[in-house]
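Asker: Please arrange chain B on chain A, whose structure you already have, making use of the hints.
Line by line, the protein sequences give chains A and B. Residues 0 to 427, numbered by numbering that gives the first Met the number 0, are exactly what the first sequence covers, in order. Residues 0 to 166, numbered by numbering that gives the first Met the number 0, are exactly what the second sequence covers, in order.
Covered stretches of chain B (in silico footprint by chain A; criterion: 3 or more residues with CB under 8 Å from a CB of chain A, positions within the stretch not fixed):
#	stretch
1	55 to 68
2	82 to 96
3	153 to 163
Keep in mind the hints are simulated off the structure, nothing from the lab. Quantities reported herein were computed from a predicted structural model and do not represent experimental measurements. For every residue, glycine included, the Cβ atom is placed at its ideal position computed from N, Cα and C.
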Amino acid sequence: MRSRKHKLGAYWIAASLVLLAATGCGLSSGDAREEIAIPSTQAGPAADLGLGPGVRPLSFGPGVKSSPRVSPSGERVAFILDGYLVEKPLYTQDFRRRTPPSEFSAEVAEWLPDESLVVLGSEEGDTKTPPTPSSLFVAQKDDSSSDDSSTVRNLSERAGAAGAAPGSQLVVTAVVASPTEESPEELLRSRLMLLWDSGDPVKIYLGHIEGYVSGLSVSPDGRGAVLAVRSDVEGQRQEGQFEVLSYRFSEGQARHVASVPNGMEVLGAPQWTQEGEMYFVAGETNEPGETAGASVPYVLYKITPDSETPEPVRTVGEGFVATSISVSPDGNRLAVLGRRNPGSPTNLYILDLTSDTLDAATSNENMEIKTNPRDLAWSPDGRSVVLVARGAFSGPKVYDGSPQSLSSAFYNLYEVPVGSPADAEFEG
Amino acid sequence: MRGAALWVLGASAAFLVTAAAFLLLANLGSEPTSDPIPQAVPSAPESVSPVLALELPEYRLERLERGPGQKLVLNVQNASEEELPVVNLTLVITSENTLRPRPRYYWAATENLAPGATTAVEFEIDLSPPPIPTESSLDPQESREILEIRATTPEGDSAVKTAVLAR
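Isolated chain B (complex conformation):
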């Protein structure tokens, strides 16, 4: 009788200890699942990509003038270890004034970008100043031009840069 009681107690204790160990492991294992609650504000840079990298040195932007036919060269790099058959590049130019954004869209693509290779892509863009509004108190001089450059692959990899031009 006593032996049976001892056996039951021993088994219970072993069960409890094992359960506790499993609970502890489960708790540790579940740690990342409580993190993805969305952030209230955007904070993480979107251009962090192990596959694509965009390069747009500021000195190239300094050469641009306010007018049509401006040439802008940017570099796109395949930072992966596999060839990228297609990389799509979009360039959207908008005014800083959200009331009169005057969007201008440009598109280009590169093909068969080898692993580690960098290629230059040229855009001919229109940086003409906006017509001065006659019936608005908004100062047109306040508005700068914003260049949003986005490289994407059909597989969903992307890299984003934003350039803000001085007035």
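Same shape as in the complex, but just chain A:
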């Protein structure tokens, strides 16, 4: 009797196990499919788009794109599209214009903490007279608007450069203070302006900077900026000579860091690292008569806190041609666009400043990466870098699909994973 009960029990347990196994397997496989079904954010899970594995396009379709900037939340990206400012969610193509396309020519934008955007650009019809290339606008966030319009407010004329603090706590811009129309004989001077959000009044530093600020970036701690300044005729410096200045906001005045040798220009904005070092790209200026944009061997330089003499960065290797740099939000890594030697393709490299090592983040086979210093941006979490590229070809090219579905046919944004500082530490 007991054995029969045991047998019955065993049958019952076996049947239950069969049921559990069957339904359990079904549920688990359903869960797995549910995970797979989450919308993919890349064009094929392991699509190699010509920049190496893991690189994903963030935009598609025609139009020349430039100056990508990821929002403080990391959820949106703003960029310039054929002269007007647009933004969109990072991984979908829901473009939204932030400046009027026909009246405004935008050059670069930076996010403010309230997700408004500060834009350097010019209104249609502006006469550009160097060295005052731009006006400063604020494209305010306007959630109520259902169309593409956005409120754009002119903040300042004669702006030269702009940079955002990590996390976009503030945006710093340099504006030309003199000469003015009233006193055209005055020497060229600039001053800095700080913006917290689109509604707050700006803070203007009256301490003048002699010369024109051609590039600036904010330090990782958000308390200062490093500037590339091109001189007018003043004192010992010759016209057109560059120097690097630092500017602590608490001090309210600029400090000379280093002079750049005569005949050399600083490309883009110098970068200030967590350790207090400064990096910049410089090279010889084109002589009159030379082709503009001709291949000039720009070199990556470093200035240590205890030195006024810039030194070439040896870690990148001899012959390395740098084109643009951007320091990571934590200030410990430097994104470097450049070529290992003049004959090799342009790639994105990550210079780890703590371990002094250089790693290639892309393996460019057939892409033309834009090398303007503005066309490089970190994500706020420091896990990726956004750049602009398109397929490199000299003749006509035919693709399957409509123009709006294509990425490499046109200049588009690409997200390059670069790991995180923690990953680097773990690997080290």
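Answerer: Here is chain B on its own, set in the frame of chain A:
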């Protein structure tokens, strides 16, 4: 009494096993329904069609010049096993500059395309360069011409190709 209990237990076990088998089959059968959640980005080529195929060799594009009256020949193939009474062809030329696209539209049609047959269709297109803007910082040299060619049938089959011309 014991027999009845055994019968009930046996029936229950059989029911459970059968139900489990059905659940398993239902799960396997429902697999494709969880996939069509839309992709966040366009990725699949639109020109994949079992019925139509477009052919536009690049060497033909190399012969084109910037100017009016350029002749472009493309081939359309009936890749199906039935005759296609009508195939409509549209060609839209735009500038790469989205601010000044300057669209130009062209249309053609082929009739009674036999199964497996290929026919050549010629378009006379205008590839004149755009007037240089005087009050814009945009470099007109940045803009290339984009040719979007689309073949469609009244039944809804289509094929799409995009050609980008060098400057």
